Amino acid sequence: MANVSPNIREEEGGRLRVAYQRMKLTKRITQSDIALACGWTSASTFNRLLSGKIPLTLESVTKLAAALGVKPSSISPRLVQDKAAGQEGKVSRLLPVSAVKDVRRGSWGEPFITTSRLPFFTGDSTAFAIVFDSQVAPDGLAGWVVVVEPAMKAVTGDCVVVRHGPGKYSYGRLTVSEADGSHSVEIGGLGMILAGPRRCMVVSALCRLGDLRDFRACAENE
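Per the working numbering, residue 234 is the first one in the sequence shown, and the count goes up by one each step.
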């Protein structure tokens, strides 16, 4: 088996966590259910993949994608040959991290800028990360660093951050793509809204708080 760096394992685990959390929004499933669908005897394999303790293989990512109803490339682009060209523009970046302290009726204002950075492999120069206070975090996001890649095209089923306008944002799931390119997005505490494609920014991964680096320390090490 090829050696896969801890950073790559963690990134792919983060993308896998997003797909799993997204399915949990619509179905009552457990890790054991996903493991069974993949033909594994216990949930431990799935749990270790989620946590980045073991690397994905082409076989495992294919099974997981089928079980979670997503494309294999959305979990592990490196393992999907037809996405190889798209990987050429990806580099390891230190994403800026902002903090959300207050969420009301499913929305929050401009988040607070922090000195933290998140190492992440992406081709999106506009990518950024958000952390929520545990008391106000949307379902499934407490204790995670939320990676947002605005350049990605949102598709039905994606979790997105919706930009309503200057200083107002929400987290939700894209349920329907309309013929005119707009999306119906289900937002907890707000209900269903209609948003244009430029207002929907894809949540691509959930990473650990322990992955954060202090910007000042990063600068000193350069």
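Calculated directly from the structure, the hints in this document are not laboratory data. Just so you know, these numbers come straight off a predicted model, no measurement behind them. It is possible that some hints are incorrect.
Just the calculated beta-carbon pair ranges, DEER-fashion [as the list claims (entries may be wrong)]:
#1 Gly376 - Asn240: 31 to 39 Å
#2 Val369 - Ser284: 20 to 28 Å
#3 Gly443 - Asp372: 20 to 28 Å
#4 Ala332 - Pro399: 12 to 20 Å
#5 Asp447 - Lys286: 20 to 28 Å
#6 Gly342 - Asp372: 14 to 22 Å
#7 Asn240 - Arg337: 31 to 39 Å
#8 Asp447 - Ile262: 21 to 29 Å
#9 His397 - Thr278: 19 to 27 Å
#10 Arg337 - Arg281: 19 to 27 Å
#11 Thr263 - Lys304: 16 to 24 Å
The beta-carbon is built from N, C-alpha and C at its ideal position, and this holds for glycine as well.
Legend entry - Structure versus earlier hints - violations, ascending order: 1, 8, 9 and 10
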